[in-house]
Amino acid sequence: MKDNNKEKKPFACYTSHSEPGPGDGGRTGSWRVLRPVIDLDKCIPAKRNKAACFYCWLYCPDGVITKTIPPTIDYEYCKGCEICAEECPADAITMVEETLILMEEE
Amino acid sequence: MAAKKTTVLNLPEEELVHPGNRACSGCGLSIIYRMGLKALGRDTILVVPPSCLTVLQGLYPIAATQLPCVNVTFASTAAAATGVLAALRARKKDTQVAAWAGDGGTGDIGIQALSGACERGEDFIFICYDNEAYMNTGVQRSGTTPQHVLTTTTPISGKQQRKKDMPAIIAAHGIDYVATASAAYPVDFYDKVCKAKTISGPKYIHVHTPCPAGWGFSARYTVKIGRMAVETGLFDLYEREKGEFRLTGPSQKMLGKKRKPVAEYFATQGRFKGLDEKQITELQNEVDKKWADYEKQAEEAC
Amino acid sequence: MHIIEAGNVAAAMGVKLAGAQVVAAYPITPQTPLTEKLSELVDSGGMDAQYIPVESEHSAMSVCIAASSAGARAFTATSANGLLYMNEQLHWAAGARLPIVMCVVNRGIGAPWTVWNDHQDAVSQRDTGWIQIFCCDHQQIIDTVIQAFRIAEAVRIPVMVCYDGYILSHTYMPFEMPDQKEVDKFLPAFEPDWALDPACPANLNTVTLPDIRPDVRGNTAPGYMEIRHDLHTDLRRSIGVVEEADSRFSEIFGRGGHPFIEPYRCEDAEYVAMAMGSLSYHIRDVADSLREEGIAVGAAGLRLHRPFPDRAVAEFLSGKKGVIVMEKALSYGYEGPLYTDIKAALYNCAERPEITNFILGLGGREIRTRDIYGVLKKTCTKTAQHEENPVFVGMKV
Chain W
122 MKDNNKEKKP
132 FACYTSHSEP
142 GPGDGGRTGS
152 WRVLRPVIDL
162 DKCIPAKRNK
172 AACFYCWLYC
182 PDGVITKTIP
192 PTIDYEYCKG
202 CEICAEECPA
212 DAITMVEETL
222 ILMEEE
Chain G
113 MAAKKTTVLN
123 LPEEELVHPG
133 NRACSGCGLS
143 IIYRMGLKAL
153 GRDTILVVPP
163 SCLTVLQGLY
173 PIAATQLPCV
183 NVTFASTAAA
193 ATGVLAALRA
203 RKKDTQVAAW
213 AGDGGTGDIG
223 IQALSGACER
233 GEDFIFICYD
243 NEAYMNTGVQ
253 RSGTTPQHVL
263 TTTTPISGKQ
273 QRKKDMPAII
283 AAHGIDYVAT
293 ASAAYPVDFY
303 DKVCKAKTIS
313 GPKYIHVHTP
323 CPAGWGFSAR
333 YTVKIGRMAV
343 ETGLFDLYER
353 EKGEFRLTGP
363 SQKMLGKKRK
373 PVAEYFATQG
383 RFKGLDEKQI
393 TELQNEVDKK
403 WADYEKQAEE
413 AC
Chain D
13 MHIIEAGNVA
23 AAMGVKLAGA
33 QVVAAYPITP
43 QTPLTEKLSE
53 LVDSGGMDAQ
63 YIPVESEHSA
73 MSVCIAASSA
83 GARAFTATSA
93 NGLLYMNEQL
103 HWAAGARLPI
113 VMCVVNRGIG
123 APWTVWNDHQ
133 DAVSQRDTGW
143 IQIFCCDHQQ
153 IIDTVIQAFR
163 IAEAVRIPVM
173 VCYDGYILSH
183 TYMPFEMPDQ
193 KEVDKFLPAF
203 EPDWALDPAC
213 PANLNTVTLP
223 DIRPDVRGNT
233 APGYMEIRHD
243 LHTDLRRSIG
253 VVEEADSRFS
263 EIFGRGGHPF
273 IEPYRCEDAE
283 YVAMAMGSLS
293 YHIRDVADSL
303 REEGIAVGAA
313 GLRLHRPFPD
323 RAVAEFLSGK
333 KGVIVMEKAL
343 SYGYEGPLYT
353 DIKAALYNCA
363 ERPEITNFIL
373 GLGGREIRTR
383 DIYGVLKKTC
393 TKTAQHEENP
403 VFVGMKV
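As given, the protein sequences belong to chains W, G and D, one line each in that order. Per this note's numbering, the first sequence starts with residue 122, numbered consecutively. Per this note's numbering, the second sequence starts with residue 113, numbered consecutively. Per this note's numbering, the third sequence starts with residue 13, numbered consecutively.
Rather than coming from a laboratory, the hints here were simulated on the basis of the structure. These figures come from a predicted structure and were not determined experimentally. The C-beta atom is built at its ideal place from N, Cα and C for all residues, glycine as well. Wrong hints could be hidden among the right ones.
To be verified - Each pair of labels, with its calculated beta carbon distance range:
1. G:154 to D:65: 50 to 58 Å
2. G:153 to D:229: 46 to 54 Å
3. W:158 to G:379: 29 to 37 Å
4. G:124 to W:158: 35 to 43 Å
5. G:265 to D:209: 36 to 44 Å
6. D:225 to W:158: 33 to 41 Å
7. G:265 to D:262: 57 to 65 Å
8. D:359 to G:231: 51 to 59 Å
9. G:203 to D:398: 32 to 40 Å
10. W:218 to G:369: 54 to 62 Å
11. G:231 to W:212: 26 to 34 Å
12. W:158 to G:272: 44 to 52 Å
All chains should be modelled from the sequences, with the hints used to inform the complete structure.
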């Protein structure tokens with residue numbers, strides 16, 4: 122790809138060529154009002170300790186949930202859409218107010 | 113197509129879309145974009161016109177997508193895909209080319225280039241994510257906005273005209289693969305993209321893509337509402353392979369079964385607020401008639 | 013080897029010799045025979061290229077934009093409304109820094125419909141960021157097409173090669189066909205320093221902010237304004253590249269030497285009549301006649317329209333008594349656009365020549381030698397006061 126910082130003499134040929142990287146929109150976790158929290162006692166792969174279900178991973182628009190046992194959520198980027206909570210067949214994900222979590226942390 | 117049935121468990125884990133992108137919270141496009149890129153794989157060049165995907169893909173100099181992509185003018189998607197293919201042939205490379213456009217970029221301003229590329233038999237996959245209006249510019253009506261829907265350019269009486277049937281228009285070009293899919297059924301969509309990769313010539317996949325902001329529902333319900341569109345029989349999942357039509361997956365399973373009333377689907381979204389009882393009955397009758405034809409076809413096929 | 017062929021065929025042979033890899037085109041008069049010839053060359057196996065019969069000019073330029081982005085040498089050709097239909101794509105091709113070459117077979121634009129020649133099509137697209145070169149005969153067409161690829165690829169700016177519809181496109185003239193081996197010496201294979209490639213997944217032409225922004229490695233990336241400024245400065249600097257291409261071409265082929273302005277009996281001329289394209293050769297006949305009458309007139313053809321070679325123009329015209337700008341285009345509501353450009357270039361001259369503007373040949377209106385003779389003679393001998401500026405020549409009602 123074209124690197125605008127590596128000037129090719131005598132013509133710079135600036136172009137708008139973007140490189141892949143996370144966080145183009147910043148830390149989108151800050152968009153969140155509610156935080157999805159997984160109850161591992163209910164979560165199917167966690168409970169059975171084997172690969173199963175993973176609907177939260179499947180439907181997450183932002184790919185911030187891992188397909189692991191147990192699944193984990195990247196709060197840095199999770200936008201808090203609640204789709205995981207809505208689609209979880211075991212009702213294992215609850216949405217918790219970020220302010221409550223912040224107060225608890227403090 | 114994978115010999116083994118695709119399930120959530122065997123879908124590729126690798127993510128080709130970076131998090132922290134600018135898509136809205138609960139974006140239906142984000143779901144299918146993730147799945148679509150998993151199906152396409154890294155040896156792909158993307159072609160994208162202005163659309164919500166332009167925003168999702170990122171602002172210079174950072175891209176949310178890990179595949180090479182050329183952003184092109186609004187009317188030119190399929191022609192640009194043609195150009196990439198021509199260059200790849202000239203350079204003796206067999207990287208596949210996939211175009212992703214919204215419903216306006218496909219069926220309105222993009223239809224001429226798309227029709228031309230289909231007629232020429234260009235070997236590419238065209239994915240239309242249909243969120244049923246111009247969402248990126250703030251919910252203006254498009255050719256695929258359903259009848260009676262409120263948009264910012266049909267703000268009081270709703271859209272008077274019917275939804276343009278893009279898959280049927282593309283199928284009329286006689287191409288070998290036309291399919292519909294839904295953001296609520298990512299595995300079904302994944303399989304269709306995988307199948308499209310095995311077919312030469314133009315492939316068209318039309319994806320029903322709920323949009324929380326534009327349709328007037330809470331982001332939480334993106335998948336639920338997409339599913340309801342299928343379960344009510346309003347949006348059907350099918351494939352038309354070498355002219356052979358068949359309902360697929362969830363739509364196929366609905367044959368011979370009772371469907372959810374369309375009114376339930378309309379009730380979930382702000383954009384249908386203008387519908388009256390008479391209009392709902394008319395729309396229900398249309399769906400019933402369409403499905404009676406499906407049932408008849410299925411019986412004849414047996 | 014000399015052959016006698018039409019101007020459109022000269023262009024097609026230039027494209028073949030230049031080794032264009034992707035050709036996309038949509039038919040429009042009077043460009044059509046050029047692309048017909050290319051389709052024939054490709055179909056017969058005489059040219060190793062992808063020929064894409066697109067469904068519109070907008071798509072023709074899309075194909076070129078995408079093919080060029082994917083690393084192929086791309087060519088298209090059009091005329092008149094076809095060129096205008098490409099308008100947003102022209103800006104896009106230049107902004108994306110793609111070395112596309114396009115022949116514009118000049119034709120007037122509607123409404124009302126006209127299929128005949130003038131320069132309104134190409135001239136109206138002068139601010140798209142493309143390099144524009146005008147040709148005066150068939151030899152210049154074939155030579156310029158080959159040079160255009162070299163210039164475009166050196167500066168990563170697309171080039172329009174303009175020549176008159178019918179007057180050049182459809183007339184037959186002898187011209188020297190360059191030898192392929194020598195063309196290859198002049199124009200090596202296209203090896204872009206970047207192209208769409210899964211091994212190096214860049215996202216091209218993404219939305220760019222008004223301000224600068226750090227990239228993924230923390231380096232500062234330019235904003236929209238820097239990118240556009242860079243296009244402008246590179247376009248200005250490409251004047252030197254056009255000159256360099258011409259001198260290298262002269263070395264190999266023994267033709268050229270006038271990349272910006274092609275003069276005819278101008279050295280001792282008091283008056284110089286300037287025009288673009290075949291008209292400048294037409295004026296040569298008139299200059300000869302006036303010379304016989306003792307009027308010191310020269311004719312000059314402006315070859316490079318954008319970037320405008322303002323210094324060369326000022327140097328060339330400085331010290332002349334008068335400059336007569338003859339144009340087949342108009343900036344409606346003002347004057348001939350070339351006249352405006354030349355006036356501006358002369359602004360800093362110590363002694364500015366008198367400058368007059370004539371508009372002629374719009375929509376193919378016949379340009380009669382006696383009309384040129386009449387207006388030139390009157391202007392050079394100051395025997396007529398022009399009531400309007402620009403003066404429209406050849407009006408009948």
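Handout entry: Hint check for residue 212 of chain W and residue 231 of chain G - Cβ pair distance inside 26 to 34 Å
Key = violated (51 Å)
Exercise for the section: Take a look at whether the Cβ-Cβ distance between residue 158 of chain W and residue 272 of chain G falls inside 44 to 52 Å. Expected result: holds (46 Å)
Exercise for the section: Take the C-beta atom of residue 124 of chain G and the C-beta atom of residue 158 of chain W, compute their distance, and say whether it sits inside 35 to 43 Å. Expected result: About 27 Å separates the Cβ atoms of residue 124 of chain G and residue 158 of chain W, which means 35 to 43 Å is violated.
Practice task
For the range 50 to 58 Å, tell me whether the beta carbons of residue 154 of chain G and residue 65 of chain D fit it or not.
Solution key: Roughly 32 Å apart at Cβ, these two residues miss the hinted range, so it is violated.
Problem - 36 to 44 Å as the expected CB spacing between residue 209 of chain D and residue 265 of chain G, which holds or is violated - result: This hint holds: roughly 41 Å between Cβ atoms.
Practice task
Starting from the hint 57 to 65 Å, judge whether the C-beta atoms of residue 265 of chain G and residue 262 of chain D obey it.
Solution key: Since the Cβ atoms of residue 265 of chain G and residue 262 of chain D sit about 60 Å apart, the hinted range of 57 to 65 Å holds.
Problem - Status of the given 32 to 40 Å range, CB of residue 398 of chain D versus CB of residue 203 of chain G - result: The hint (32 to 40 Å, Cβ to Cβ) is violated, given that residue 203 of chain G and residue 398 of chain D are roughly 57 Å apart.
Exercise for the section: Hint says 54 to 62 Å; check whether the CB-CB distance for residue 218 of chain W and residue 369 of chain G agrees. Expected result: violated (41 Å)
Problem - Status of the given 51 to 59 Å range, CB of residue 231 of chain G versus CB of residue 359 of chain D - result: Given about 54 Å between the Cβ atoms, the range holds.
Problem - Verdict for residue 153 of chain G, residue 229 of chain D (Cβ pair) under range 46 to 54 Å - result: violated (26 Å)
Problem - residue 379 of chain G and residue 158 of chain W - C-beta distance against the hinted 29 to 37 Å - result: holds (30 Å)
Practice task
Kindly confirm whether 33 to 41 Å is satisfied by the beta carbon distance between residue 225 of chain D and residue 158 of chain W.
Solution key: holds (34 Å)
Hint compliance for this structure: hints 1, 2, 4, 9, 10, 11 are broken, all remaining hints hold.
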